[in-house]
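For the protein sequence lines, the chains are Z and D, in the order given.
If you want our numbering, it's the position in the first sequence, counting the first as 1, plus 2.
If you want our numbering, it's the position in the second sequence, counting the first as 1, plus 45.
It should be emphasised that the hints constitute simulated quantities derived from the structure, not laboratory data.
Be a bit skeptical, because a hint or two may be false.
Mimicking EDC-like on lysine to aspartate or glutamate, the simulated pairs with C-alpha atoms at most 16 Å apart in a straight line are [what the hints assert, rightly or not]:
{"#": "1", "chain 1": "Z", "residue 1": "110", "chain 2": "D", "residue 2": "247"}
{"#": "2", "chain 1": "Z", "residue 1": "110", "chain 2": "D", "residue 2": "296"}
{"#": "3", "chain 1": "D", "residue 1": "236", "chain 2": "D", "residue 2": "202"}
{"#": "4", "chain 1": "Z", "residue 1": "10", "chain 2": "Z", "residue 2": "50"}
{"#": "5", "chain 1": "D", "residue 1": "236", "chain 2": "Z", "residue 2": "94"}
{"#": "6", "chain 1": "Z", "residue 1": "110", "chain 2": "D", "residue 2": "214"}
{"#": "7", "chain 1": "D", "residue 1": "156", "chain 2": "D", "residue 2": "214"}
{"#": "8", "chain 1": "D", "residue 1": "156", "chain 2": "D", "residue 2": "87"}
{"#": "9", "chain 1": "D", "residue 1": "236", "chain 2": "D", "residue 2": "193"}
{"#": "10", "chain 1": "D", "residue 1": "236", "chain 2": "D", "residue 2": "267"}
{"#": "11", "chain 1": "D", "residue 1": "274", "chain 2": "D", "residue 2": "247"}
{"#": "12", "chain 1": "D", "residue 1": "236", "chain 2": "D", "residue 2": "247"}
Chain D is nowhere near these chain Z residues, computed Cβ spacing over 12 Å in every case [to be verified]:
{"#": "13", "residue": "11"}
{"#": "14", "residue": "27"}
{"#": "15", "residue": "42"}
{"#": "16", "residue": "70"}
A quick note: this is a predicted structure, and the numbers were derived from the prediction, not measured.
Glycine included, C-beta positions come from ideal geometry on N, C-alpha and C.
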Amino acid sequence: MDRIPILKMGAYLLVTIQVDMHDRLALTLQDDLTMQIVKHRTRGVLIDISGLEMVDSFIGRMLGTIASMARLLDAETMVVGMQPAVAITLVELGLSLNGVRTALDVDKGMRALQAAVSEAGQDSNESFEL
Amino acid sequence: MSKPEQKEADRQSREFLGSLQTALQRGGTEDIGGPEWITVREFLTDFSAVRAKNGYSPSETASMIFSLKESLFFALQEEYAADAGALGSAVWTSSKLLDNLGLFTMEAFQKSREEIISRQQQELLELSTPVVRLWDNILALPLIGTLDSARTQVVMENLLEAIVATRSDFAIIDITGVPVVDTLVAQHLLKTVAAARLMGADCLISGIRPQIAQTIIHLGVDLAGVTTKATLADAFALALRRSGNRVVREDKTKRAPVR
Chain Z
3 MDRIPILKMG AYLLVTIQVD MHDRLALTLQ DDLTMQIVKH RTRGVLIDIS
53 GLEMVDSFIG RMLGTIASMA RLLDAETMVV GMQPAVAITL VELGLSLNGV
103 RTALDVDKGM RALQAAVSEA GQDSNESFEL
Chain D
46 MSKPEQKEAD RQSREFLGSL QTALQRGGTE DIGGPEWITV REFLTDFSAV
96 RAKNGYSPSE TASMIFSLKE SLFFALQEEY AADAGALGSA VWTSSKLLDN
146 LGLFTMEAFQ KSREEIISRQ QQELLELSTP VVRLWDNILA LPLIGTLDSA
196 RTQVVMENLL EAIVATRSDF AIIDITGVPV VDTLVAQHLL KTVAAARLMG
246 ADCLISGIRP QIAQTIIHLG VDLAGVTTKA TLADAFALAL RRSGNRVVRE
296 DKTKRAPVR
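Extracted from the complex, chain D is given alone in its bound form:
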């Protein structure tokens, strides 16, 4: 443990002990759901959230509570050295209290981890469906990663909204980055193409890799009504041609050099 970490742990332990003491003085019992324990609970929630964010393991987080046991039991032993019965019940009570606090910490830790995960999922969903404008009236949607129903729904809606917003006649769905195409994904692609057609836009699919072409045919999916191209470049060229544009390579040798 480095020096600042040591210092931080020291500060946290002090704060925890302080709030624990206050809670006990206010008459808190081992049931930590009571109102006396509010400060302790808040401290533990913050503490485990910070720990979860900084990548500590669950046992590292919980050991902060459980490390208290050893010193506490020693103190109790000294206090009740003469009375074995009282010692037993005191150890039992404090053990129960510390266990409850430990469990509460774990729950809070778990909860903040789950929050992080769900936030990341949301971010991934937003990041993974960009609609790009390639040219006047030509949109592209490069898909990357596995497609599930939720994502495909977002993809479909984003694309259709973008078609309306930009009044584009052509949309190219590029699936180079999609590792697996199963019947469900193929079905979703077909639906998106059909929906785009209903709105009056042409939808092309590009980037079908050799294995995926084989899978689609083996699955018996009928992509006959859909224009497919091997690469995004081919699809883009086709869209340009269909929209009446022409790409010409300029012959540089015939031009006078520009000074």
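Extracted from the complex, chain Z is given alone in its bound form:
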């Protein structure tokens, strides 16, 4: 598998990482995701990492950079389902991902993302239902 699938759900993009990430995969995901955000005029990205058992500093940093890139393209990023071991590792590595929104599972993440997006989109008077 050399690509991580990116699903479009309404105004949102859904990325589920089910395999252990390696560096090339992470870079491809960055490319694909930024392209999709621009193409679909996405306002919110949900990344589900519940299947991710191991992280290193590169993958941790990548989560942060994806969020920053998405922010530049006017999309909110929500990372959901992080495993305790992964969270501990990231904190020990000094990567607290300060700009990234987090939630416990996809359900809660989607609700919070909708709230965040409608809050951010208030000035443009658009609505972003699924």
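Keeping the supplied structure of chain Z fixed, place chain D upon it in accordance with the hints.
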């Protein structure tokens, strides 16, 4: 010594003497590592384990072996009354044997004491990190006692596992029972809060006592990104409010009395 104790000591002495005799008859020398001594060694191990558990002192345990010296030397003196050289070497051999047995007892005693201590440490570790569910989606972790790295690691893992298992949005770490907070403990607390946030849960810290607040500021630890409350009640109220719950006091006077 009470009567049952006397009886027990009597029985143990008999058993010990019996196994000692068997070992010597089988040709055991003063080197007690040999196969002839297996029964004696087993007896002594059991004996000192029981003694350690019942709170006997080391000298009380060892004196059981060493009390044998007096009677043994008297017996030898009678036996070898005519031959001073033979008496000397017999006393030397038996003395060495008894010393070895005594040392073995002490080692076994010490070992069973250490086992008790390490088991208690383990139990303490398990007992001291309970994660309590206060409400739907609100967990509390009351910490009691000094925090060291090993304990904090267990605390952190337990809390994060519980957050996943109960899908809780809020976790309150209460440090009322923590006597000292140093930079290391503060660091660990910050890490736990950051890890919980990464998983999507909000982590509040409560029960910071006045002295501890002073220490934290004097140490220069930055708790700015963490929500802190004075008491667990305050933190719980905040968590309820943030999760959209409201606590209302019912006005009893307006209600009709229930029969």
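Structure-based check of each hint:
1. Z:110 to D:247: Holds: residue 110 of chain Z and residue 247 of chain D sit about 13 Å apart, inside 16 Å.
2. Z:110 to D:296: The given pair, whose Cα atoms are some 35 Å apart, is violated under the 16 Å limit.
3. D:236 to D:202: holds (11 Å)
4. Z:10 to Z:50: Holds, at roughly 14 Å.
5. D:236 to Z:94: holds (8 Å)
6. Z:110 to D:214: With Cα atoms ~9 Å apart, residue 110 of chain Z and residue 214 of chain D stay inside 16 Å; holds.
7. D:156 to D:214: violated (47 Å)
8. D:156 to D:87: holds (14 Å)
9. D:236 to D:193: holds (14 Å)
10. D:236 to D:267: holds (12 Å)
11. D:274 to D:247: Satisfied, since the Cα-Cα distance of roughly 14 Å is no more than 16 Å.
12. D:236 to D:247: Status holds; Cα separation ~13 Å.
13. 11: Residue 11 of chain Z is indeed farther than 12 Å from all Cβ atoms of chain D, at 19 Å.
14. 27: holds (21 Å)
15. 42: Answer for residue 42 of chain Z: holds, closest chain D Cβ roughly 25 Å.
16. 70: holds (16 Å)
When the structure is compared with the earlier hints, violations turn up for hints 2 and 7 and for no others.
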